[in-house]
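If you're matching them up, the sequences are chains A and B in order. Numbers 1 to 406, taken from the numbering used here, label the letters of the first sequence in order. Numbers 1 to 235, taken from the numbering used here, label the letters of the second sequence in order.
Worth flagging that the hints you see were computed from the coordinates, not collected in a lab. Some clues are possibly wrong.
[Unchecked claim] Residues from chain B shown here face chain A by an in silico Cβ test under 7 Å; the list is partial:
#, residue
1, Asp43
2, Asn81
3, Met97
[As the list claims (entries may be wrong)] DSSO-like, lysine-lysine: derived pairs with alpha carbons at most 27 Å apart:
#, chain 1, residue 1, chain 2, residue 2
4, A, Lys4, B, Lys72
5, B, Lys62, A, Lys393
6, A, Lys215, A, Lys82
7, A, Lys250, A, Lys82
Here a beta-carbon is modelled for each residue, glycine too, at the ideal position from N, C-alpha and C.
Okay, here's what each chain looks like letter by letter:
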Amino acid sequence: MKLKNLLIAAIRSLAKNKMRTFLTMLGIIIGVGSVIAMIAIGQGSKKSIQAQISTLGTNVMMIWPQASSTGGVRMEAGTSQKMTLEDVKIISERCPAVAAITPQVRSSGQLVAGNMNWRTSVYGVYPEYFEIRNLKLVSGSVFTMNDDRSAAKVCVVGQTVVNNLFGEDSDPIGRFIRINKIPFKIIGIIESKGQNAFGQDQDDIVIAPFSTVQKRMLAITHIQSMLASAKTEALIPTASQEITEVLKAKHQLGPSEDPDFTIRTQTDIAKMATSTSGIMTILLATIAGISLIVGGIGIMNIMLVSVTERTREIGIRMSVGARGRDVLLQFLIEALMISLLGGIIGIVFGILVSQLIAMILMWPVTITADSILMSFLFSSAIGIFFGWYPARKAAQLNPIDALRYE
Amino acid sequence: MGDVDVHALRGVNISIQQGDFVAIMGKSGSGKSTFMNILGCLDVPTRGKYMLDGVDVGALSKDQLANLRNLKIGFVFQSFNLLSRTSALENVELPLMYNRKITSREMRSRAIQALESVGLETRAHHMPNQLSGGEQQRVAIARSLVNNPVVILADEPTGNLDTRTSLEVMEVFQELNRRGITVVIVTHESDIAAFTKRNITFRDGKIIKEIEVNKPRNAREELSLIPVTVEEDEL
Ligand SMILES: Nc1ncnc2c1ncn2[C@@H]1O[C@H](COP(=O)(O)OP(=O)(O)OP(=O)(O)O)[C@@H](O)[C@H]1O
Ligand SMILES: [Mg+2]
Numbered sequence: 001m002k003l004k005n006l007l008i009a010a011i012r013s014l015a016k017n018k019m020r021t022f023l024t025m026l027g028i029i030i031g032v033g034s035v036i037a038m039i040a041i042g043q044g045s046k047k048s049i050q051a052q053i054s055t056l057g058t059n060v061m062m063i064w065p066q067a068s069s070t071g072g073v074r075m076e077a078g079t080s081q082k083m084t085l086e087d088v089k090i091i092s093e094r095c096p097a098v099a100a101i102t103p104q105v106r107s108s109g110q111l112v113a114g115n116m117n118w119r120t121s122v123y124g125v126y127p128e129y130f131e132i133r134n135l136k137l138v139s140g141s142v143f144t145m146n147d148d149r150s151a152a153k154v155c156v157v158g159q160t161v162v163n164n165l166f167g168e169d170s171d172p173i174g175r176f177i178r179i180n181k182i183p184f185k186i187i188g189i190i191e192s193k194g195q196n197a198f199g200q201d202q203d204d205i206v207i208a209p210f211s212t213v214q215k216r217m218l219a220i221t222h223i224q225s226m227l228a229s230a231k232t233e234a235l236i237p238t239a240s241q242e243i244t245e246v247l248k249a250k251h252q253l254g255p256s257e258d259p260d261f262t263i264r265t266q267t268d269i270a271k272m273a274t275s276t277s278g279i280m281t282i283l284l285a286t287i288a289g290i291s292l293i294v295g296g297i298g299i300m301n302i303m304l305v306s307v308t309e310r311t312r313e314i315g316i317r318m319s320v321g322a323r324g325r326d327v328l329l330q331f332l333i334e335a336l337m338i339s340l341l342g343g344i345i346g347i348v349f350g351i352l353v354s355q356l357i358a359m360i361l362m363w364p365v366t367i368t369a370d371s372i373l374m375s376f377l378f379s380s381a382i383g384i385f386f387g388w389y390p391a392r393k394a395a396q397l398n399p400i401d402a403l404r405y406e
Numbered sequence: 001m002g003d004v005d006v007h008a009l010r011g012v013n014i015s016i017q018q019g020d021f022v023a024i025m026g027k028s029g030s031g032k033s034t035f036m037n038i039l040g041c042l043d044v045p046t047r048g049k050y051m052l053d054g055v056d057v058g059a060l061s062k063d064q065l066a067n068l069r070n071l072k073i074g075f076v077f078q079s080f081n082l083l084s085r086t087s088a089l090e091n092v093e094l095p096l097m098y099n100r101k102i103t104s105r106e107m108r109s110r111a112i113q114a115l116e117s118v119g120l121e122t123r124a125h126h127m128p129n130q131l132s133g134g135e136q137q138r139v140a141i142a143r144s145l146v147n148n149p150v151v152i153l154a155d156e157p158t159g160n161l162d163t164r165t166s167l168e169v170m171e172v173f174q175e176l177n178r179r180g181i182t183v184v185i186v187t188h189e190s191d192i193a194a195f196t197k198r199n200i201t202f203r204d205g206k207i208i209k210e211i212e213v214n215k216p217r218n219a220r221e222e223l224s225l226i227p228v229t230v231e232e233d234e235l
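Pulled out of the complex, with its shape left as it was, chain A reads as follows:
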């Protein structure tokens, strides 16, 4: 039988049982639809996490001291006092892969402006910090190294701080706030960055010159951590290597000894954050895939019923010259049509559901061509796989027995 005739015959017999065909298809529609939607959600969250991680800055590396184990007792990370401004200086001089570096100290601060008050973190850094973290100002300007040398009482604030102390849409440049009772002049406002990958508000921040926070607020002589950036993304591992060597030499640690500091790069953080969402995607897709297989079993079930029901029809077809393979193809094509049509409707359904989720739940979704192609191929494979057995059963019927079937 010619392919065209086969297709016509399949469409006719599916059209004879519209309700049944639709219900059988429903399994595939739901299966494919959920595969598409689940992958869209998974991919969407992965993408948004990646986008958020890029707000950390460009090619960022964090270096913080770690209590070395040589003393016998490990101390809490960050409590070590071994890191100094000397370290910052030597890294900026001897590590060619490092583009910029800044020391970092952090203090919690009670902020007061007029009758409003707010509690947040105050960071003490070099002006390079803004370059490393890719922070832009909406108004005002960044402090300079001169401000740092003089431990000037100036600061740059985030949008959340402005909103809570001065109200939205205000421009408090040049106004004073008290941080832990010390008056600071606001000289810049940072462009809003929103939440980071871990749900923290990145706009809830005050940034002041390093020396100001270190000396005036914390009264310490060491630095708590360093933030550096590599020249290019490809140079991140090199930069990390250079910093390790330079710092170990500076801290008089042999090559075989453990470093007394930890370096975490942006790549590490991105990997950490996306691996969880990757596992989630796989899990969701597996569940959706199982429902697709259940849909396939539905096809097989209906095709088996159909073969039994249509035994006489098969007999008639064989009596006028249908060969086993004609009958096989006819039933296989019917199964394939159910699954393919179900697959196409399922893809549309999945896209609609994804868009609905994006609209109503405000979840980020990304529909990829891969997932569409994959579910299309998968659903046709299911049609062939689950249609094969019933079709073969039909093809192996003996014409005379099939004609006698009541």
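Using the hints, position chain B with the ligands against chain A.
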């Protein structure tokens, strides 16, 4: 199931020439249908030889048998065996679907031609359940002749029909036979057998009687004598 061997046919030796018109008679269970199924390549004999149009059918594969059924044999059943919810025209086209040498346009025109030769061209788009028994059987006959077979085999084609419609069906067979197609029918009624050229009687799987019909009845003439009563078709 089949623990007991049933010898439905034994020692049957018969030759049917081209252009012949044969009626197979005999009591119920005498092996007529079994014989027809073998002639129609729907069944194969456990022992013995069947030559059709110079081909030894016993030596053929399943696919070759299917081809033979498609191209050389037209089968008409007592219970019509039309595909339900499929129009008369599409039912007639069915054998052509499995004939790969035929284009779709040729398919349509040949099916319409076949329907014309049984006088049903006006019913082409009716479904089987919209047709009378006689009309359904004529559709089945149109289907059997659409591929220009060498032989048409009909197992009790008038078994479910009244006298008038039986005559109509016999008229079609006589006309086909006049055009040179070999026709073999099974019937219980000697009235019907009288329309054919040769009658063969079976009993217990054996041929017990074989007679030439001296002067076959003419279905067309007899039909024209019967006054047309209520047309059952117009329901
Ligand atoms: N599939 C089968 N299995 C076993 N025995 C069968 C089978 N088909 C037919 N028979 C037997 O073979 C014998 C001949 O049957 P067949 O159908 O050829 O009779 P028939 O002459 O056509 O009868 P009828 O006039 O009632 O149609 C019967 O005894 C029947 O019981
Ligand atoms: Mg019989």
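Evaluation of the provided hints:
| no. | hint | verdict |
| --- | --- | --- |
| 1 | Asp43 | 5 Å, holds |
| 2 | Asn81 | 5 Å, holds |
| 3 | Met97 | 5 Å, holds |
| 4 | A:Lys4 - B:Lys72 | 24 Å, holds |
| 5 | B:Lys62 - A:Lys393 | 15 Å, holds |
| 6 | A:Lys215 - A:Lys82 | 17 Å, holds |
| 7 | A:Lys250 - A:Lys82 | 11 Å, holds |
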